Structures are given as structure tokens and as C-alpha cells.
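All residue numbers for the sequence shown refer to full-length UniProt numbering, where the first residue is 1 and numbers rise by one.
In short, the hints are calculated from the structure, not lab data. Since no wrong hints were added, every one of them can be taken at face value.
Pairwise CB distance ranges, derived in the manner of DEER restraints:
hint	residue 1	residue 2	range
1	Pro90	Leu346	21 to 27 Å
2	Gly129	Asp288	52 to 58 Å
3	Asp13	Arg347	54 to 60 Å
4	Val11	Gln113	37 to 43 Å
5	Glu265	Ile16	20 to 26 Å
As the structure is a prediction and not an experimental result, all values here were calculated from the model. A virtual CB, placed ideally from N, CA and C, is assigned to each residue, including glycine.
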Amino acid sequence: DVYSFDEEEPVLDPHIAKHLAHFGIDMLQMQVTENGLRDNDIKPRVSEWEVIQEAGVKLKPMYGPGYTGMRNLGNSCYLNAVMQAIFSIPEFQRAYVGNLPRIFDYSPLDPTQDFNTQMAKLGHGLLSGQYSKPPMKSELIEQVMKEEHKPQHNGISPRMFKAFISKGHPEFSSNRQQDAQEFFLHLINLVERNPVGSENPSDVFRFLVEERTQCCQSRKVRYTERVDYIMQLPVAMEAATNKDELIAYELKRREAEAARRPLPELVRAKIPFSACLQAFSEPSNVEDFWSSALQAKSAGVKTSRFASFPEYLVVQIKKFTFGLDWIPKKLDVSIDMPDFLDISHLRARGLQPGEEELPDIAPPIVIPDDPKALDIDESSVMQLAEMGFPLEACRKAVYYTGNLGAEVAFNWIIGHMEEPDFAEPLVIPAFGEVASSGAAALGAVGLDNQPPEEIVAIIISMGFQRNLAIQALKATNNNLERALEWIFSHPDPEEESDPALDTMDMENNANANILAETGSEGPRIKDGPGRYELFGFISHMGTSTMSGHYVCHLRKEGRWVIYNDLRVCASERPPKDLGYIYFYHRIPS
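Kindly generate the complete structure, drawing on both the sequences and the hints.
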């Protein structure tokens, strides 16, 4: 099988022997098998690449509005897959394509540097149908007469969009393969920072998570809330329903490798979706938990529930993990993802009768004499790295949030993804710099009582307004966790008018030509029932997020459609069990 990236499809290579010789492979001297079997006696392996791309099946090309392909610019399939899914959502269609004339009228002198202009342009290209037209009859007759088939690859090339959206980002600005989940969060961050009109389309993904932390010794609890956009579902490998087959396959595979025989046909672990959902809802241990009831470190457990259900639920299967040698690897599993999903039982319930809250006492802040002595919580680093973020960025996030946990560090990442040194190695500040960097990051009080920008950025990244973030931090002595609790307990805070803050806000909005009319403080959520229907999924082929290929399947007009870069076809066998990111839409009650 030879795949041509230029032509976006498998091709015949008449010079295959010569090309293989370039890599030191003598095709004429190779033997197909070492056990005497003929070619037609060997059952072909059904690889992930073949199943996800629906290879071997004649797929009918689709044309018209909403069926436009996107050219692969060199490992840009992660961007193509995410944007196809994003622009299948009506709220994004209305915000950018529906507002296209207004966005273009308000665009700056250099529209290549305006996010909303680039989004509107890309959305129009995908939805207008101008770049997805079926071939003329005369062209088809000519192809038949010449006995050649050249499919029409009109499509669009998102070169300008990719250049802008990845500008200054160490990973997305490269031509390397990237994690689609990380790009999705990067895109949401840009949507949040560049409002268009009074409605923010990213509101459809936002939901509140209630985290219940319990001290195992005192049995007292603390309830906190945070903003999230993705439900990350663990893979419950221990619940595989075909364990005997997996054990037998592993033995045969090792024997074949040792004897240098062809590998046996692949056997994937079959994981029930219910087991993954159960693993998500189970309590997890809290590393380095400090109990305010005991005024000391203790054992703690944490459970997460939905304080609100989003309009669109994005579910990520945590297929990427680390082996014992700390090398990233992908779990090749099959999960029976449901077409209809009900997670109403995961609704948060808040403080229950008989539960006693942990005292509202912040842990003592200890800044070592030698800042290099501050240990970095490696378990939090690995949690973030499993999400697909660069390892060095994860280390910085954990360090600059004072080992407060993966959730706080995650919000730091979201607020700093645009920085040019985002993925650069962590440089521990010298002793004299602790007051300005380490102490600020840990929440120490500044000389003028102005909250550190690091913590302000974290709260803003959660969807709150800047003035509310500063007001909450001032009221809680710049303690991040207490500031978040203060925000949720003060739904209608007093308005503070600070000319300096107003000027800063205007500077922050300088690049946004259409200002949002936000009338309420706090994160904007669209709560409702927890019942959903599947309408799309993004699949990954390969062994790592840093390599391989992404494909998107979307349900449109009652049938599934596969978006494989430029190729847009009616799907015959959508591989719903092999997806990486799933998109669900709430079912109206």
C-alpha cells in the first residue's frame, strides 16, 4: 500500500522496488513468509488506518454546502478535523458566517491578523458550497475515454488561517503533527479572547465541574467549582471483555517476533463504555493533600460531578498514556460509544445533610531559601502531559502554580499557550527573583496589594471578567482557591471603577473589532438536561499524538459523512468504536 499525500489517496507505484532500494530494502530477495504459506493463505490484518479511513470500500463523494474538503498543508489534518466539527455547529455558523458582512466591515487594515475575519473566511469556504462542486459531465466522459479517474479535489487551503492561529505557538507553528484535543482548547481560548457580537459561540461547550474533596482522617469535605470544556474519559483496561483473546494474542505476538515470523492478526481490547463512565465517576486520590481540619498533610480523595451540563458535550477518550519507561504510547482499544448518552446521574448535588465542611484556611506558603529546592509534583506533570501538552510546559505550569494540583496548572496552561516560550524548558529563577516570580505565582501579597498577573490570567482563562478576578483576589489576600470560592459566593459583586483597569481592558480588547455585550459576571453557561445524541467524532491513526493522521466523521442530513482532508464522502462503516474525540448535542426535553 502506497499513500500519496499530494493526491490524498492510495496510488500504484511502478517503481516500488527502486524506491525501497533507496532505504536499503531489496524487495526481490525478500520472502513473504517463513512458514511455507502462500500469499492467499494469509488473512490480511485489519489495521486502524484501514478501518478508520474505510479503505477497501467504494465511497460516494459528497458535494455542496457543508461538504467541502480542506487541503493538508503537511501534518495539518488535526486542524482540518477540528474545524470541520466546529463549523458543523449552528452557533459557530451563525457567529461567523451569519455575521460575515459585519465582521468584514469592521475588520482592521490588515485582515490577515484578525481572528474573527479569518474564522468568517474559513467558515464561508466550508459552508458556501462554492468550493465543493461535482465534476461536469464532459469531464467525466473525458476521464472514461482516457480510462483514468481523477476525483475533483476543489476544497479549500487553510494556509492563511493556520498561519494566524498558530502564530507564536511553538507547536502549532511547526509542521509537526499535533494533538487535536490540545488544538481544540487552543481554538476555544482564541474564541474567548476575540468576542464577536453579544453571543459567544464557545458558550455551548462550557460547563461547571463540582469537585468534592474529602479528608480521609477527619471525614470533612470541601466543595469547589471550576470551568471546563471537555469531559475526559479514562480507558478502563481492566474491564476488557475479551481478556482471554488478548492474552493469547500477546503470547503469539511475542513468539512471532522471537522467531521472526509474520505477526498474528491484531486483537483489540473491547472496553464497555459503561466501565469508562464508572471509572470517571469513581473517587481518585489527591496527591500531597493538605487538610485544613488537621492543619497538616493527610490522605484525601476527590470526586468530580457536573454542576451544569453543556449544550454540546465533547468527550475525549484518554487513549494516550505513558509506559513504564515514560515513553508516550497509545492504547489501541475499541469502545462501544453510544449514539444516545444519558449522564443525568452525574449531576452535582452540593453539600449533603450530615457533611461537615473543611475550615476555610489556606495552607501556609513556604518559599525555600533556594528556589531550586521547590519540588515539582511529577504526578500532576504526567496528568497534564497525558492530555497532549508539551512536557516542559506542564512542568512550568505545576511550578508556577505552587504544586496546587493538575486542575490549577491546567488553567495556567490555557492562559499561557500563546506565549512564545510556552514549551521552552523551565528556568528556575535566581534567589533575588523569588519575590517577583515564585512568590507571585504562589499567591504572595504584592507591595501595592495588586494581584499577580499570573493568578489573574488563570481566573480570566476560566471565563470570568478581569475586574471580577481582581476584586476576588483582593478580597482573599491573593489566594487563588479562596478567590474562586469568593466569586461563586458573590454572584452580584459591587462594581469597582478603576481607571487603570478600564484602560487595561481597552488595550486587551484593541484587537477585537466587535465588542461583546456581556451583561452578567461569572462564567456563561447553558445548563439543561444531561441527555445527548452523537453527531460527530474525530479519530486518530498512529502510535502517538505527535505522528499519524486524523479523520473526522459527522452526521449530516440523516447519514454519516467522512472528512479525510480533501476527500469528503458518504460513510459506509463509520468506526464509532475507534474515535478519540466525540461530539454530542443535547436532546431537547
